[in-house]
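**Student:** One letter stands for each residue in the lines below.
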Amino acid sequence: MMESVLSRPAGNQWSRDTLDARRHAIAGAHTRGATGVEVVTALTDLTDEILRECYHANRGAAGESDPSGVALVALGGYGRRELAPYSDIDLMFLYAPPREQQARALSTAILHTLWDLGFQIGHSLRTIADSLEMGRADLTVRTALMEARWLAGDRALFSEFTQDYRVKVSGKGVQEFIALKREERRLEYGRFGSTNFLLEPNLKKGRGGLRDLHLLKWTALARYGTPSFEELTAGGLLSAGDATALGEAQEFLWRVRNDLHFYASRAQDILTFDEQIRIAGLRGFKDLPHLLAVEQFMQQYYRHSTRICDLTARFVSQAMQRTAWQRLAAWLPARRIERDFALTRDDITVPPELRADALSDSGRILRLFHLAQMYGLNVADDLVQELPERIAAVPDAAFRSDVARRWFLAILSGPGRVAETLAAMHRVCLLERIIPAFGTVRGLMQFNAYHKYTVDQHSLLAVGQAEDLGSEKGLAGRVYREIRRKDLLHLALLLHDVGKGQEEDHSLIGERIALDAANLLGLGEHETQLLVFLVRQHLLMANTALRRDSSDEKVVLRFARQVGTPEALKMLFVLTAADISAVGPGVMTPWKDTLLGDLFLKTHKELAGGEETETAYEGGAHAQAIRQAALSRLEPRYPSAWLTRQLEAWPDHYLLAMPVERLVTHLEWLAKLAEAPVLVDAQYDQALRTTDYTVYTNDSLTPGIFSKIAGVLASKGVQILDAQIVTLTDGVVVDVFRVTDPDCSEDVHARRFRDISGAIVGVLEGRYSVEDLLQEATRFGQARQGVPLREPTVVQVDNETSDRYTIIDVFADDRQGLLYVITSAIFDFGLSVHAARISTKLDQVVDVFYVTDRTGGKVADLGRCRLISEEITGRIEGFLGKAQTTRQVVHRARTQRK
Amino acid sequence: MRKIEAIIKPFKLEEVKDALTELGVYGMTVSEVRGFGRQKGHKEAYRGTEYTIEFVPKTKIEVVVSDALSDKVVETIIRTAKTGSIGDGKIFVSNLEGVVRIRTGESGDRAL
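As given, the protein sequences belong to chains A and B, one line each in that order.
Take the first sequence: its position 154, counted from the start at 1, is 153 in numbering that gives the first Met the number 0, and no numbers get skipped.
Take the second sequence: its position 36, counted from the start at 1, is 35 in numbering that gives the first Met the number 0, and no numbers get skipped.
Next comes chain A alone, as it looks inside the complex:
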């Protein structure tokens, strides 16, 4: 294929035209399918030919015909014979000191010719002594000189140089040289992409690019004296499989890079979106409905660059493990754990003789990574090399064992190094054995200008971002630290985009994948629901916060209803923040952060009942100050022992949310409680046009106090806006109901107060029942017209948020008497309500009840939780359903278990 290329042009004189013709011929061969190796070799040969001819033609310029004492030397990539179409050419004119004049004249003549031909030349004029000195002083020169290749002139001089150079420079300080090159490369990553999963990668300098292959070759050259994969394999320094993989990857990169250079007619090394599309087309990739041609092509690129990355890192660190300390350390007995694992200062490994046994066991393999995570160690390089094969031999079913699942969940929980460990597992193809769906997104790019990373990389990065949040001071950091099931959050982050690359909406596929993963991992019902929710709705919070008005209550309510529980909200918040950050640097802005945080805070208030609830307090000192203030106001009038006892009976969190005025009023009423079993205080607020009914009694008086009061208020036709229950430690109950009174909207007079207060006292003292009152009320035909459409009723039982109480959240359309229906259902289950927050926003209620079981503890039984949820939902639906014809009611009850 190359014959035409290698034929000489007529005459000895090179012009741009003749050069272009030859280059063109090589480009033609490339287009017809010449391999990358063939093309770089042909280009090197062509350049060699030109240089040699130039050298011989200009030998006369040196003033004599004898070339001895001057040599033309190729360096760097040209020395390695790896020229891309528009690569720079590194040349050195090596001369013996007496021949300086001639060498200078020769170099001028040759360089002028080459410049005129349009070559980009890097050149130097040196004696052997100069070269040795420069090689010692400068890392780049040292590297370039290692790859020196004779082109023309004095061969003996060149041999003398290479020998001297090996003995005096390149053979010395090999360890340090490799370390320096590795460091140099690390800095380069910073500038050209710290991951090989950039969407517009630099083929040469980016991570996983040709430069990594060079690093491997330099290392091999410095340490073992040869850069050739074949020779390294023959010497047992590189496995045959790895050599093949490296060869394929090199070929792939060369061919793509040649294409970029030829097409752009310059040294274009960045694989831009435009070029990706063009080259994918050239390679014959076809768009599939769910996967573009360009995405298939890039998936190939990522596979190759990942291999280069991994193999180079491993090869280089193996080549470095020759320090005196490490030789010594190898003799020290490594710490052994659980028989199979050996821990050294830097890594964890399985002794070779135990591998066949230990690495056929899925549980042991996962435990290996779990230990690596716990001890902050890497898995030893030679073991990493072996693992993919070992893992492939383990049957699928083994990864479903309880032991394997347990270690995997332990890795997901952390704390610390979760993302790092998962990435290590991904590299050895372990992750996809546990969650098969993860294999489908390996190196899958997202062809848009928004994402910077491939899907698998983005997912792993998102886990890392969440972990990083944990050490930050802001709201998201705080919320992350509060999340108890971090394993579920991390798993959700890992899976949230796995549905991509297929035809259907990725959230919907993601939902199924999450469900599968949950089954494979043996998650419980509640965990499964949470995971599925997070994956399915991973865009919900971003969409709501960034595209909706979160100062609109309706928006917040709808969002709260979809999220359901404080636990799910917290996870979704952190997931959203981490997901956005993992899209690329600078994508998460303070602007987005503020919008997300604001929505979180507003929604949390709805779901957890805000500041007045049991979980939401801090600052006992402040509460003490409020007690003190109340004490000083009341002291002269009441015995101080009684006052102190009363004040201590109030839980801190109520005091924090209460003005001192109100506390004083409460205490004044409580002092009168000795005279009557039930006291009712009614206060009309002129500005708000609402009335606060405060009921003081003792919880031993009658069961279901809260429910009964709610019933009385409903029967009297007032609407409850808000309710608070305080059960003091001495059993005294203070229930505050804020209501509006549609029947007396203008002026609520004393008679109305007496009527309602009297009814409350009557019911609590057992003189008549709520049902009597309700029946009485319906005689007046309280048929209220319903809203034609309504939202489904949702009842959630939450055991996670509070340590002491089970929390029941109820979302429903508001209707006169609804609270009574809910509270009597709660009462019928024998639950006591310790705190409640009734919020009516627009035409919906969000009611939060903190309850305990008869025993005073949480409702621990899952079945019972579900029963409670279903029963309350059923009763609400029954109650609301009577009042109107509606669209079909969606019944959705979610229960949570501890």
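Derived from the structure by calculation, the hints contain no laboratory data.
Please read all numbers here as calculations on a predicted model, not as lab measurements.
One or more hints might be untrue.
[Claimed, not checked] List of simulated lysine to aspartate or glutamate pairs, EDC-like, C-alpha gap at most 20 Å:
| hint | chain 1 | residue 1 | chain 2 | residue 2 |
| --- | --- | --- | --- | --- |
| 1 | A | Lys591 | B | Asp108 |
| 2 | A | Lys591 | B | Glu31 |
| 3 | A | Lys591 | B | Glu96 |
| 4 | B | Lys59 | A | Asp592 |
| 5 | B | Lys59 | A | Glu552 |
| 6 | B | Lys89 | A | Asp548 |
| 7 | A | Lys553 | B | Asp87 |
| 8 | B | Lys81 | A | Glu552 |
Please arrange chain B on chain A, whose structure you already have, making use of the hints.
**Tutor:** Using the frame of chain A, we list chain B on its own:
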């Protein structure tokens, strides 16, 4: 030519953009900004700690249009970005000295 800068509520962007496109405004620069005017930010409490939202997130759009279109554009932004509540934003209109399209070197209205 006039340069019109509007600070609007973030969730109103789509609506405003669509309306302006319909009007024949083809170029627009959009940025995420934070700031405050009369709406001084607010405080939210979470478990006893207050989180102050000092600067309110807003979206800034900048369009450059011919004098003739200017009033229509302002009118349209007002109509679409308005919610009637505090924090709806502001529109700044200024005279513009010149515009140059970098690729072709065209200037004035032709560069719009």
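**Student:** Taking the hints in turn, state whether each one holds.
**Tutor:** Going down the list of hints, with the structure as the test:
no.: 1; hint: A:Lys591 / B:Asp108; in the structure: 35 Å, violated
no.: 2; hint: A:Lys591 / B:Glu31; in the structure: 8 Å, holds
no.: 3; hint: A:Lys591 / B:Glu96; in the structure: 34 Å, violated
no.: 4; hint: B:Lys59 / A:Asp592; in the structure: 17 Å, holds
no.: 5; hint: B:Lys59 / A:Glu552; in the structure: 24 Å, violated
no.: 6; hint: B:Lys89 / A:Asp548; in the structure: 17 Å, holds
no.: 7; hint: A:Lys553 / B:Asp87; in the structure: 18 Å, holds
no.: 8; hint: B:Lys81 / A:Glu552; in the structure: 18 Å, holds
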